[in-house]
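Colleague: Whenever a hint applies, use it, and build me the whole structure from the sequences.
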Amino acid sequence: MNTIVEPHLKTKAECKNFNFHYGAFHALKNVNLPIYEKQVTSLIGPSGCGKSTLLRSFNRMHDLYPGNRYEGEIIMHPDDTNLLSKDVDPIEVRMRISMVFQKPNPFPKSVYENVAYSLRVRGVKAKSELDDRVQQALKGAALWDEVSHRLNDLGANLSGGQQQRLCIARALASEPEIILFDEPTSALDPIATASIEELVTELKERVTILIVTHNMQQAARISDFTAYMYLGEMIEFGVTDQVFIKPQKKQTEDYITGRFG
Amino acid sequence: MSATVTAIHVLPSAKVSDRLRKKPSRHMKERVIEFLLFGAAMISVFTTAAIVYILVKESWIFFETVPLTDFLFDTQWTPLFDDAHYGIMVLLSGTITSSAVALAVAIPLGTVIAIYLSEFAPFSVREIAKPFLELLGGVPTIVYGYFALVFLTPLLQKIYPDLPGFNLLSAGLVMGIMIIPYVASLSEDAMRAVPMSLREGSYAMGATRLQTALRVVMPAATSGIASAYILGISRAVGETMILAVAAGMQPNLTFNPAEPGATITSFIVQVALGDLPHGSIGYQTIFAAGLTLMLMTLSFNLLGYWLRKRFREIY
Amino acid sequence: MQPQDLQAIRALIARAKRWDAFFGVLGILALMVGVLTFLALFVDMAIQGMGRIDADFFTHFPSRRAGEAGILSAWVGTVLVMVVTAAAAVPLGIAAGVYLEEYAPKNWMTDIIEINITNLAGVPSIVYGLLALGLFVYEFGFGQSILSAGLTLALLILPVVIVATREAIRAIPQMIREGSYACGATTWQTVSDHILPYSSAGILTGVIIGMARAIGETAPIITIGALTFIAFLPPLPYTGEPPAGMFDWLFAPFTVMPIQMFNWTSRPEAAFQVNAAAAGFVLVLMTLAMNGTAIWLRYRLRKNIKW
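Sequence lines, in order, name chains A, B and C.
Quick note on the working numbering: the first sequence kicks off at 146 and runs consecutively.
Quick note on the working numbering: the second sequence kicks off at 172 and runs consecutively.
Quick note on the working numbering: the third sequence kicks off at 5 and runs consecutively.
Simulated from the structure, these hints should not be mistaken for lab results.
It should be emphasised that the depicted structure is a prediction, and the values quoted were computed from it without experimental measurement.
For glycine and all other residues, C-beta sits at the position ideal for the given N, C-alpha and C.
Check before you lean on any hint, since a few could be wrong.
[Claimed, not checked] Lysine-lysine pairs mimicking BS3-like chemistry, simulated, CA-CA at most 30 Å apart: (1) C:Lys307 / B:Lys301; (2) C:Lys110 / A:Lys174; (3) A:Lys231 / B:Lys200; (4) A:Lys254 / C:Lys307; (5) C:Lys110 / B:Lys480; (6) C:Lys110 / A:Lys231; (7) A:Lys272 / B:Lys200; (8) C:Lys21 / B:Lys301; (9) A:Lys270 / B:Lys200; (10) A:Lys284 / A:Lys183; (11) C:Lys307 / A:Lys248; (12) A:Lys248 / C:Lys110.
[What the hints assert, rightly or not] Rough simulated footprint, nothing fancy, chain C against chain B, three-plus residues with beta-carbon under 8 Å: (13) 300-308; (14) 447-458; (15) 472-481.
Modeller: This is the structure we're talking about:
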């Protein structure tokens, strides 16, 4: 695998020889991947290539289900913590790395409480602080103008695109170091999709973004770096333009030109 | 897209150590909570163990005095007489007779209702019938007992004047009606679990609803239906108050429902109502009787459970 | 097809359809057996007993004179026993349900717990009475008291509460849990902030059904020795001379509604039968109301899911 090294970019996290097993199935094979700080990195590849599996390893979601096994490391900088280590509490990992899911999953609570939840689990209780940070998060998710007058409405009453932005606000509220997006627009209509894509491009000024998408054009539109995966392996990684215009590997080219997948 | 120099991103050190400091106490709290919840779940295990322990321990006193062969084969049950006999068969005959009557009512009616609700009934009928059956099953058994004694027995006596005021027939019939909801709802669950595709295959051949129900659905749901029957049996065997009120509590070795009789369960009630001191043989008989009852219902329950697991696995 | 074949087939179909129609009628008849029994029971008790029900009935103690007997000690006893039952069964049942759904690993220990719960659901109520007799009354020394009765019934309805809790929790989509964990919540935070609030209605339904069952139970309470003729109330805290302690009522002798009815049913005098009918009517109304509420709640829940 050829990486184009970017010496002037700081690495926020990197996978080192990362392997993952679902029970007996070897789902991710020797993945090595740098995630650059305040850049958008996208993971693309056909169904079953392991991109979601890789994404969910970053915030230790696999720990919720039995029979899964991590091998290798995912190092987080600047403190050089191995997120996969048994000594590291997954709760702590999730406090530093947030996630937005494929299907918007607002809690059956009010808009305010949905966003405030990330803060409450961190022990933030003072109403004034909560109010402030909720407002900031909703602004950051480009939702504040639409909901500022109905913060007590149920989150589920919002439209699909708004719900997803609510989930993004929830992810932002805790000021994470990385936000993981798992196919965030696949359940949304084109207009909502466009607004989310615009939001992602704005957000990268503040936070590192790792996004899984099955839509190549989306990856081309919004990401700085792209990683192509196939059958659990990292086939190619590089600057997005390079990967799409001049892929180094034939496999990548085949996928991008639509010969399969 | 060219890479740009980014500002150096430094985590405020206060935040990092704050999170790390919280970890041990948060972890501890989680472990304690999990342990408490686990304890609550384990109560079920302790209860079973306690049942076994108490029944065995208290019957021990009984079986030290009364040999097992007597218990199983004696044909009289007169624990309170000077010449005491302890043949459990007497009580068992009451249990078996009343349960047989009950099941003769509950199994056919329950099955018919189950087939009807699962394969025939329109949605509106189902929506009313199912809650109604639940209400029927929720009537306290003492009320059913009263009904059997005060309403049904006189009614039956009009047809069959020789029927004694206390009899196993009345109690058995009412018990049967009480068990119908149980048999019906479990059987219906089993039948509903049969996939539509099987039914469609049958209808596509020109079969009617009844033919499909009897020839395709019921055979496919056999384990579940058998499990429903067996759990119904278990319920009948374990029932107490209907028999205590309507069948008289006179031990009587008979299989004729037109006679009064005591069952294992109503005998226990009779002794509990009386004045025998704890520790006396007469008193400890209730634990021996209870042990017998427990073994019977346990075997039925295990069988029913195993059958139900099998039918769930098939689909 | 030949015309006579067609005729033969049509005759066959007609015959089969007649059977279908016949079975449709049979099904309704079978249901009618249940309906008629229920009506007969209800109406009979109403006719016999309703005349007897007046304010005095609820405020008098039982008496040897049928006309003056009332269910005061019985319904107070029922209420007190139910308080103990609920206090024990609800927290334990919910805790066990939460453990099994959110915490328990898939191993043999969990299997054993689940088998036990299923098994206990099928144990006859009188065996619970024997258990309570040996364990609560004698071994633990609680005596023939409200405490023993309440704990016995709590064990009896525990499987009902546990199963209801588990079903209510299972209805919560996995996405909500993942959303909570992704915010950095611990398991307990997820349970207390999300799982329990969202499943509370379903759990409540199960609790009501369990309590309705407990109210009508007679056999276990007789077995632990509730007396059938109680003409006094358990000592409520701070009442009486000298003032009763906070928990004295837990250890007092007592009776409950079903036992009072049983006692009256066993008396041959017609007047007591009337009393029994009246008590039974009250009892049936109570259980109907509770079961009806639970069914209605469940119906509302089904219409109201807002994931």
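Colleague: Would you list, in rising numerical order, the hints stated earlier that this structure does not obey?
Modeller: The structure breaks none of the hints.
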